[in-house]
Each structure stands twice: as C-alpha cells, then as structure tokens.
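2 protein chains.
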Amino acid sequence: MARVGFVGLGVMGAPMAGHLLSAGHSVSVWNRTPGKADSLVEKGAKMAPNLASLAENSDVIISCVGRSEDVDQVVSAMADCAAAGTLFIDQSTIEPAMARSLARRLAEKGLRFVDAPVTGGSMGAQNGALTIFCGGSEADVIEAIEIMAPYTKRAERVGEVGAGQMMKLANQVAVGGALVGLCESLAFAAKVGLDVEQAHSMIGGGAGGSWAFQNYGPKLLASDWSPGFSVKNQTKDFGYCESAAADLGLEIPMTALVNELLKRLADAGREEDTTAALYDVYLDRL
Amino acid sequence: MARVGFVGLGVMGAPMAGHLLSAGHSVSVWNRTPGKADSLVEKGAKMAPNLASLAENSDVIISCVGRSEDVDQVVSAMADCAAAGTLFIDQSTIEPAMARSLARRLAEKGLRFVDAPVTGGSMGAQNGALTIFCGGSEADVIEAIEIMAPYTKRAERVGEVGAGQMMKLANQVAVGGALVGLCESLAFAAKVGLDVEQAHSMIGGGAGGSWAFQNYGPKLLASDWSPGFSVKNQTKDFGYCESAAADLGLEIPMTALVNELLKRLADAGREEDTTAALYDVYLDRL
Numbered sequence: 000m001a002r003v004g005f006v007g008l009g010v011m012g013a014p015m016a017g018h019l020l021s022a023g024h025s026v027s028v029w030n031r032t033p034g035k036a037d038s039l040v041e042k043g044a045k046m047a048p049n050l051a052s053l054a055e056n057s058d059v060i061i062s063c064v065g066r067s068e069d070v071d072q073v074v075s076a077m078a079d080c081a082a083a084g085t086l087f088i089d090q091s092t093i094e095p096a097m098a099r100s101l102a103r104r105l106a107e108k109g110l111r112f113v114d115a116p117v118t119g120g121s122m123g124a125q126n127g128a129l130t131i132f133c134g135g136s137e138a139d140v141i142e143a144i145e146i147m148a149p150y151t152k153r154a155e156r157v158g159e160v161g162a163g164q165m166m167k168l169a170n171q172v173a174v175g176g177a178l179v180g181l182c183e184s185l186a187f188a189a190k191v192g193l194d195v196e197q198a199h200s201m202i203g204g205g206a207g208g209s210w211a212f213q214n215y216g217p218k219l220l221a222s223d224w225s226p227g228f229s230v231k232n233q234t235k236d237f238g239y240c241e242s243a244a245a246d247l248g249l250e251i252p253m254t255a256l257v258n259e260l261l262k263r264l265a266d267a268g269r270e271e272d273t274t275a276a277l278y279d280v281y282l283d284r285l
Numbered sequence: 000m001a002r003v004g005f006v007g008l009g010v011m012g013a014p015m016a017g018h019l020l021s022a023g024h025s026v027s028v029w030n031r032t033p034g035k036a037d038s039l040v041e042k043g044a045k046m047a048p049n050l051a052s053l054a055e056n057s058d059v060i061i062s063c064v065g066r067s068e069d070v071d072q073v074v075s076a077m078a079d080c081a082a083a084g085t086l087f088i089d090q091s092t093i094e095p096a097m098a099r100s101l102a103r104r105l106a107e108k109g110l111r112f113v114d115a116p117v118t119g120g121s122m123g124a125q126n127g128a129l130t131i132f133c134g135g136s137e138a139d140v141i142e143a144i145e146i147m148a149p150y151t152k153r154a155e156r157v158g159e160v161g162a163g164q165m166m167k168l169a170n171q172v173a174v175g176g177a178l179v180g181l182c183e184s185l186a187f188a189a190k191v192g193l194d195v196e197q198a199h200s201m202i203g204g205g206a207g208g209s210w211a212f213q214n215y216g217p218k219l220l221a222s223d224w225s226p227g228f229s230v231k232n233q234t235k236d237f238g239y240c241e242s243a244a245a246d247l248g249l250e251i252p253m254t255a256l257v258n259e260l261l262k263r264l265a266d267a268g269r270e271e272d273t274t275a276a277l278y279d280v281y282l283d284r285l
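From first to last, the protein sequence lines are chains A and B. Just so we're aligned, residue 0 is where the first sequence starts under numbering that gives the first Met the number 0, counting upward by one. Just so we're aligned, residue 0 is where the second sequence starts under numbering that gives the first Met the number 0, counting upward by one.
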C-alpha cells in the first residue's frame with residue numbers, strides 16, 4: 000500500500016480519494032476549501048496542513064482540480080518538496096501543452112508525471128467506475144493504473160505525456176455531438192408540438208440514440224438543470240479542444256458551435272447548470 | 000389478410016414487402032425498375048403492370064419511394080383508381096407539408112392516408128425490426144400499425160397527418176448530432192496521432208457513446224463507405240429538416256452545419272457513400 004497525497008476534493012476527487020482509503024492506502028488530503036475534507040478525515044484520511052507537507056509525505060500525488068492554471072499552481076507548489084521518484088498523477092482535464100510542460104519541469108527535479116483525465120461523471124466517481132486516459136512512460140502508467148484501480152472501470156495508456164489529455168478532448172468532442180443532437184432534436188419536436196417524452200423515447204431507442212439521450216434526456220424532460228456536468232466545465236474543455244485543434248490545423252466546427260451555444264447560457268448567468276440546459280437555448284428560454 | 004399493393008422496392012421496400020408476403024398477405028408490387036420485383040414474385044408477389052392496376056386491386060397501398068415529388072407522383076397516379084376507403088400508407092421520408100397535401104387530396108376522393116416514415120436502416124427492414132412514426136387519424140393509424148406489424152419493432156401514433164414526418168425529421172437531427180460527434184471526435188484523435196481504434200473503443204464505451212459509434216464506427220475504422228444510409232438520402236432529409244425548422248422559426252445550426260459538410264462529399268462525387276464518410280471531410284480526403 001502506498002502513501003497517497005490527494006489534492007482537490009470536489010465532486011470527482013472526494014469519492015476517488017474515498018475509494019483509495021477503502022482500498023487500504025494511506026491517504027493525505029488537501030483542498031483549497033478545507034471543509035470538504037471532513038468526511039474523508041472521518042474515514043481515516045490525514046488532513047495535510049499545506050501542499051508542501053502533503054508532498055513531503057507522499058509516494059504518489061494525485062491532483063484532481065480545475066483548469067490548467069490550477070494544476071500548474073498546485074504542482075509547482077509541491078515540486079520542490081517531493082522526494083525524488085515521486086509519481087504525480089493529474090486527473091484534471093487541462094491543456095495537453097500544460098501537461099507536457101509540467102512533466103518537463105518535474106523531470107528536471109527527478110519527479111515523474113502521468114496525465115490521467117477521467118470520464119464517467121460524478122456517478123462514475125462514486126461507483127468507482129471511471130474510464131481513464133493515461134499519458135506517460137509505460138512504467139509510470141502501469142504504476143498509475145495500479146494506484147487508480149479502486150475507482151477504475153477502464154484505464155489504458157494512450158501515448159506519451161499529453162496524450163491522455165488529447166484523448167479526453169476527443170472524448171469531449173463526441174460528448175458535444177451527442178449533446179447537441181439530443182437538444183436540437185427534442186427542441187425541434189417541442190417546437191412542432193410533438194410529445195417530447197414520446198420523441199425522447201422513440202428517437203433514443205433508434206439510430207439517433209446515445210448515452211446522452213439515456214442520461215441527460217430524463218433531466219431535460221424534467222427541466223432539472225442541476226449538474227451533472229456543468230456548462231462552465233464543458234465550455235472550459237471545449238476551449239481546450241478548440242485551441243488544440245487550431246494548433247493541429249484541424250477544423251472542429253461542431254464543437255465550436257456547441258461551445259458558442261453553451262456560452263449563451265453562461266452569459267445568462269447559468270454556467271453552473273448542467274449542459275443539457277442547452278435545450279433552453281434552442282427554445283429561447285434563457 | 001389484406002390485399003396490399005407495395006410501391007417502391009429499394010433496399011427498404013423490398014424486404015418490407017417480403018415480410019408482408021411471409022405474414023400471409025396477398026401482395027402486388029410495382030417498381031420503377033421492374034427487375035427489382037423478381038425475387039418477390041418468386042416468393043408469391045403479383046407484379047402489377049402499372050400503378051392504376053395495383054391501385055384497383057388493393058385494400059391498402061404502401062409507398063416506400065424517395066423524395067416528396069416521387070411520392071406525389073405515384074400517389075397521384077393511383078388516386079383515381081383506388082376504391083373508396085382504400086388506405087394509403089407512405090413510408091418514405093418526405094416534407095410534412097407534402098404529407099398533409101396528399102392526405103387532403105386523397106380525402107376529397109374518399110381515400111385515407113397515414114404517413115409512416117421508418118427508422119432502423121436496411122438491417123431493420125431485413126430483420127423486420129423498424130421503428131415507425133405514424134401520423135393520421137386514430138382509426139387509420141391502428142389499421143396501418145396492424146398491417147405493418149410483420150416488419151415493426153415499435154410503431155406509434157405521434158399525431159395527425161404530417162406528425163409522423165415531423166418526428167422522423169426530429170430523429171434525423173439526433174442522428175446528425177451523433178454522426179458529427181463520431182466523425183469530428185475520431186478525426187481529432189487521428190490528427191493528433193492517437194490510435195483511432197483505441198479512441199473509438201474507449202470513447203464509444205463512455206459518455207460520448209452512441210448508436211452511431213457502435214454501428215458507423217467499425218465501418219469508419221475500415222474505411223468502408225458502402226451504404227448504410229447514403230449521403231444523398233441524409234442531405235435530402237436534412238433539407239426537409241431545415242425548411243420545416245425555418246417555417247417554425249427555429250434555428251437548427253448543428254443540422255445545417257452537418258448538411259453543409261455532407262454536401263462537400265456530394266460535390267466530390269461521393270453522394271452514394273455512407274454518411275460516416277463525413278470523417279474524410281475532416282481529414283481533407285475528398
């Protein structure tokens with residue numbers, strides 16, 4: 000069993016850290032908002048007083064925070080304190096270029112890095128059934144996959160550092176297509192005066208069906224816009240998709256379109272709504 | 000058992016007519032290209048010498064042809080010859096306004112009409128497992144559903160005449176979203192240099208997954224562009240979606256975008272390819 004330091008106890012990180020505890024690891028935690036650690040401390044996690052202390056006392060450091068700059072900040076704060084050979088696993092969705100930059104800076108200090116963004120949502124984190132896209136050296140990824148096992152449905156090495164983020168961004172593009180298919184289609188049905196529940200059921204069971212239809216559809220029908228995955232997080236990820244695609248000379252016009260439509264929700268103060276609220280953009284209910 | 004006249008023996012119509020024969024109906028067939036009737040005639044179908052003769056000898060007339068104008072043409076050719084009370088079932092995907100116009104013109108002659116477009120593809124037609132969206136009076140739809148039972152997985156009345164077409168168009172919008180999600184996502188993965196088979200497998204098993212991922216994905220990976228559902232048919236349907244949406248004052252920008260991208264394939268002489276060939280548009284392989 001390893002000494003694991005876990006940074007970032009949000010809707011994803013908190014249950015992930017809980018699974019590590021249940022598996023018997025020694026877990027230290029740190030979060031910007033300390034209160035979020037309470038239930039984990041009750042289960043046996045140690046609350047680190049600061050990032051330096053967490054880094055000094057961990058063999059593996061997992062971060063699950065928000066944006067590129069957040070990961071940069073917490074990893075930089077730990078880089079000078081971690082013992083040589085410490086493995087950093089970042090499970091946030093960030094820019095692939097930032098993942099590569101962090102790996103380079105850590106390598107200069109004899110530290111190792113794997114980018115390991117996840118998909119499967121808060122339910123996947125709670126049920127320990129996340130899909131994880133891993134980028135790094137073969138040896139580092141094998142070690143990371145073993146540590147993450149308690150909350151993994153499927154984890155694979157997809158390439159060198161940064162590749163995990165690239166695969167996650169490709170995943171977000173697919174999510175965007177299914178999401179806009181759901182919302183544009185049901186908005187069409189609603190506007191025509193069709194029974195939207197019947198449309199959801201009949202269309203979702205056929206060639207237009209998707210995970211989004213099955214999982215976002217019922218919330219859409221109930222006008223339940225609680226996350227789920229928030230507009231804020233989705234537009235963050237789409238921004239990374241767009242800049243990565245631009246670097247490659249690839250046009251991703253659907254993703255750009257969906258991002259633009261979601262930003263209308265954000266502009267209307269609804270950035271914490273779940274992404275299926277895109278439905279309201281179509282029906283001018285902002 | 001009814002006397003059923005079946006017009007249009009393409010990849011959808013031929014197996015559907017075959018299921019009616021197997022169920023014990025007396026089936027007359029007509030097709031613009033007569034050779035397509037041969038295998039059905041071997042199974043016991045009567046080949047009608049023309050549309051007038053088919054109409055005179057049928058209690059129920061099913062059309063499964065191409066565009067609005069094709070349905071207009073064949074139904075108009077039969078309207079004066081059918082006995083009062085004959086039920087017309089149109090299974091083509093056409094403009095809702097054309098369905099309503101046909102219903103009005105048939106009603107003036109004492110004839111009945113149900114629009115009943117299908118989804119489920121050529122495999123669904125062969126396996127007798129189509130989903131059918133029915134528009135018409137309650138009594139007419141009940142009768143139509145009974146006749147179509149041999150090739151139905153799920154058939155429901157969704158409203159008055161034209162509503163079946165509207166539901167089919169909503170279905171096509173959802174199909175468009177999932178299709179573009181698949182192609183844009185895997186093109187992103189390919190362009191980055193990720194393993195596209197791994198991307199298909201990992202992404203398709205998660206929150207980005209869809210019927211399109213499962214069914215179009217393997218063809219895309221094999222660069223097998225044989226239909227499937229052709230670019231020509233998809234752009235036809237998207238055109239109907241766009242004009243119906245415009246009439247309603249609804250913007251459907253994703254559908255418009257996918258239609259535009261598919262038209263690039265058509266312009267490159269690839270309108271008979273399956274829709275997943277959209278992947279090649281992203282990778283500039285026209």
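Read the hints as simulated data drawn from the structure, not as lab findings. Accuracy of the hints is not assured; some may be wrong.
One copy or two, either will do: identical chains are not told apart, so a pair holds if it fits within one copy or between any two.
[As the list claims (entries may be wrong)] Each computed EDC-like pair below joins lysine to aspartate or glutamate, with the alpha-carbon atoms no more than 20 Å apart:
#, residue 1, residue 2
1, 42, 71
2, 152, 196
3, 190, 246
4, 42, 194
In this text, all values refer to a predicted model and were calculated from it rather than measured experimentally.
Evaluated hints:
1. 42 x 71: Classified as neither; 29 Å inside a copy, 71 Å across copies.
2. 152 x 196: Intra 31 Å, inter 19 Å, cutoff 20 Å: inter-copy only.
3. 190 x 246: between (39 Å within a copy, 11 Å between copies)
4. 42 x 194: Close neither inside one copy (48 Å) nor across copies (40 Å); limit 20 Å.
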